[in-house]
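If you read the sequences in order, they're chains L and A.
Be aware that the first sequence starts at 1, since it is given in our numbering, and climbs by one per residue.
Be aware that the second sequence starts at 1, since it is given in our numbering, and climbs by one per residue.
Simulated from the structure, these hints should not be mistaken for laboratory data.
Small disclaimer: the values here were computed from a predicted structure and weren't measured.
All residues carry an ideal CB built from backbone N, CA and C; glycine is no exception.
There could be a bad hint or two in this list.
[Unchecked claim] Take a look, some chain A residues computed to stay more than 12 angstroms from chain L by CB distance:
(1) R365
(2) P371
(3) K451
(4) F480
[Claimed, not checked] EDC-like mimics (lysine to aspartate or glutamate), calculated; alpha carbons at most 20 angstroms apart, straight line:
(5) A:K440 - A:D249
(6) L:K2 - A:D86
(7) L:K2 - A:D245
(8) L:K4 - A:E261
(9) L:K2 - A:D249
(10) A:K293 - A:D86
(11) L:K2 - A:E323
(12) A:K274 - A:E261
[To be verified] Covered, in the sense of this in silico footprint (three residues per stretch, anywhere, with C-beta under 8 angstroms from a C-beta of chain L), are these stretches of chain A:
(13) 240 to 246
(14) 322 to 334
(15) 338 to 352
(16) 410 to 423
(17) 429 to 441
(18) 458 to 465
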Amino acid sequence: MKKKITASQKRIMMNPFIQFFRFLALNIKILMVVALGHGSTRTKN
Amino acid sequence: MSKIVVLGAGIAGHTAATHLRRKLSKEHEIIVVSPNRNYQWVPSNIWVGIGRMNPKDVIFPLEPLYKKSRIEYKQAKVSIFWPEGDLKSRKPFVEIEYVFGEKKGTKEKVEYDFLINATGPKLAFDQTEGLNPGTNKAYSVCTYDHAIHAAEGLKKVMKQAKTATEKINILIGTGHPKATCQGAAFEYILNVENEIRKAGLRDKFNITWISNEYELGDFGMDGMLLSYGNEQLSSKELIEMVFEDRGIDWILGAGVTKIDEGLCTYENLEGETKTISFDFAMLIPAFSGHGFKAFSQNGNDITEKLFKGFMIVDADYTPKPYEEWRVQDWPETYQNPSYKNIFAPGIAFAPPHAISKPRKSPNGRDIFPSPPRTGMPSGITAKLVADNIIHMIKNNTDEIHHRGSLGNMGAACVASAGFGFTKGSAIAITTFPIVPDYQKYPETHGRDIKKTFGEMGLAGHWVKHSLHHAFLWKAKMKPFWYLIPE
Ligand SMILES: Cc1cc2nc3c(=O)[nH]c(=O)nc-3n(C[C@H](O)[C@H](O)[C@H](O)COP(=O)(O)OP(=O)(O)OC[C@H]3O[C@@H](n4cnc5c(N)ncnc54)[C@H](O)[C@@H]3O)c2cc1C
Numbered sequence: 001m002k003k004k005i006t007a008s009q010k011r012i013m014m015n016p017f018i019q020f021f022r023f024l025a026l027n028i029k030i031l032m033v034v035a036l037g038h039g040s041t042r043t044k045n
Numbered sequence: 001m002s003k004i005v006v007l008g009a010g011i012a013g014h015t016a017a018t019h020l021r022r023k024l025s026k027e028h029e030i031i032v033v034s035p036n037r038n039y040q041w042v043p044s045n046i047w048v049g050i051g052r053m054n055p056k057d058v059i060f061p062l063e064p065l066y067k068k069s070r071i072e073y074k075q076a077k078v079s080i081f082w083p084e085g086d087l088k089s090r091k092p093f094v095e096i097e098y099v100f101g102e103k104k105g106t107k108e109k110v111e112y113d114f115l116i117n118a119t120g121p122k123l124a125f126d127q128t129e130g131l132n133p134g135t136n137k138a139y140s141v142c143t144y145d146h147a148i149h150a151a152e153g154l155k156k157v158m159k160q161a162k163t164a165t166e167k168i169n170i171l172i173g174t175g176h177p178k179a180t181c182q183g184a185a186f187e188y189i190l191n192v193e194n195e196i197r198k199a200g201l202r203d204k205f206n207i208t209w210i211s212n213e214y215e216l217g218d219f220g221m222d223g224m225l226l227s228y229g230n231e232q233l234s235s236k237e238l239i240e241m242v243f244e245d246r247g248i249d250w251i252l253g254a255g256v257t258k259i260d261e262g263l264c265t266y267e268n269l270e271g272e273t274k275t276i277s278f279d280f281a282m283l284i285p286a287f288s289g290h291g292f293k294a295f296s297q298n299g300n301d302i303t304e305k306l307f308k309g310f311m312i313v314d315a316d317y318t319p320k321p322y323e324e325w326r327v328q329d330w331p332e333t334y335q336n337p338s339y340k341n342i343f344a345p346g347i348a349f350a351p352p353h354a355i356s357k358p359r360k361s362p363n364g365r366d367i368f369p370s371p372p373r374t375g376m377p378s379g380i381t382a383k384l385v386a387d388n389i390i391h392m393i394k395n396n397t398d399e400i401h402h403r404g405s406l407g408n409m410g411a412a413c414v415a416s417a418g419f420g421f422t423k424g425s426a427i428a429i430t431t432f433p434i435v436p437d438y439q440k441y442p443e444t445h446g447r448d449i450k451k452t453f454g455e456m457g458l459a460g461h462w463v464k465h466s467l468h469h470a471f472l473w474k475a476k477m478k479p480f481w482y483l484i485p486e
């Protein structure tokens, strides 16, 4: 069955108060993925 | 003293030049050759294309910054590479032609010790008949001047809609059977839909996504399995959910072959030729190499040693079927194997193959996305190349110290879904690695599920807007710019 964005999910997505905390968390989560290094796939590093 | 020539001043070229300048003493020369006098923060062209940002918000002139930072700037374009020098001079050089000012049309030889080719893609509109930004009711947002025209075109149809008795058709997606950059088109369609809805005109429009992707959410990255809240969701399900919510229709497996005034012709994966009419379209063109030439010292054509469309680097280019593709095929130093002082970060390097599974129509036409190389990996690979050159210069060695494969690198794509401080939204997607490693992560579609997630909402818009300011701060080399990651 196809997923739907429910009305309550939408309210959370657009609630500035909740989203402020999401904003802080999202920045940290993104940083953890992109800024914690990269490396080779051919040699061990 | 070393002389480093950087070709191109986009995300990759500018990143390389600024890091080189910061870390190398002034006795080393850094020269940037680029035809566009402005730096542009390309991701924000989406907002220029809906009229929410002015071009001046996304660009700044390069010359004053380079002058202040002691980077030499030549507003010119490169055309020929002489990696061994010629019979007169044994030093390698490139031939450039000035495109602006008193020197316009003048040709020059620029010698180098190290060369960074960061010329990105050629926007190959000519590969799709009739696709030319601003004509036939079709537009582009690939550059800021294209985006200005797109915003005007959108404004016009929105005005027209107020009195129209019939629905107006909008078509957004890929304009070539092997186009890439689906992410940019995806952002644009959501922003256009949001603008139309905010103007109270949503019921006057049909909005359609057209793409060479086999499934929604492929994005040229073979799709993704994402952590989404407490569950796991495929990128197909996520994008389907967003399009359903926004009332956007979709056509997939479509190789656009021709654009006439308000009419798009495409071939699908069933081999049928179909058409769809539109009043406004934004279609991403094919990205190709620039058609550069290269010659040996005695004047023999050695283009195939340097280029395979884009520049040849340390990738494994052996042709092989999809089932045999490995992350190890992807480059990690961006160094040309024949000339060790030439590098190609960003979009300028030739990828070993696509990332998405290749598909053909029964008529033999390839219809699938080419591999995307977004801003973040463009910046990371450019910094990595700069760091390797610095290491080589400082230690007087040929040894490569830094490595970074797209198969062992994360990326974030914060796709704007609407503009506005309290009414904006975005879909933030991260992926690790960028190129799926099906051997390492066999259960989670080639990616680390803890680092591959999707999230929607207003917070995403704030992140995207903050990134706009942060990356322009960084590009303008304002205080502590180098602390902001690529
Ligand atoms: C509308 C849009 C939105 C996008 N949004 C995002 C996003 O949200 N996030 C993200 O990560 N990525 C995004 N991208 C992708 C990102 O913009 C690219 O990955 C990035 O710009 C690639 O950088 P580059 O330096 O390799 O190439 P480019 O930015 O294309 O730079 C190439 C440079 O080379 C110069 N040049 C061209 N020809 C010559 C020549 N003959 N001689 C010398 N110089 C030459 C050009 O003038 C330019 O300065 C988006 C792309 C588009 C089009």
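Going through the hints against the structure:
1. R365: holds, 30 angstroms
2. P371: Non-interface label on P371 of chain A holds, nearest chain L Cβ at 16 angstroms vs cutoff 12 angstroms.
3. K451: violated, 5 angstroms
4. F480: Holds: least Cβ distance 15 angstroms, greater than 12 angstroms.
5. A:K440 - A:D249: violated, 36 angstroms
6. L:K2 - A:D86: violated, 63 angstroms
7. L:K2 - A:D245: holds, 11 angstroms
8. L:K4 - A:E261: violated, 36 angstroms
9. L:K2 - A:D249: holds, 15 angstroms
10. A:K293 - A:D86: Answer holds: K293 of chain A to D86 of chain A is near 14 angstroms, not above 20 angstroms.
11. L:K2 - A:E323: Violated: K2 of chain L and E323 of chain A sit about 29 angstroms apart, past 20 angstroms.
12. A:K274 - A:E261: OK: K274 of chain A and E261 of chain A at ~16 angstroms, within 20 angstroms.
13. 240 to 246: holds (count 5)
14. 322 to 334: Contact hint for the stretch 322 to 334 of chain A vs chain L: holds, 4 residues under 8 angstroms.
15. 338 to 352: violated (count 0)
16. 410 to 423: Since 6 is at least three, the answer is holds.
17. 429 to 441: With 4 residues closer than 8 angstroms to chain L, the stretch 429 to 441 of chain A meets the three-residue bar; holds.
18. 458 to 465: holds (count 5)
Violated hints, listed in ascending order, are 3, 5, 6, 8, 11 and 15; each of the other numbered hints is respected by the structure.
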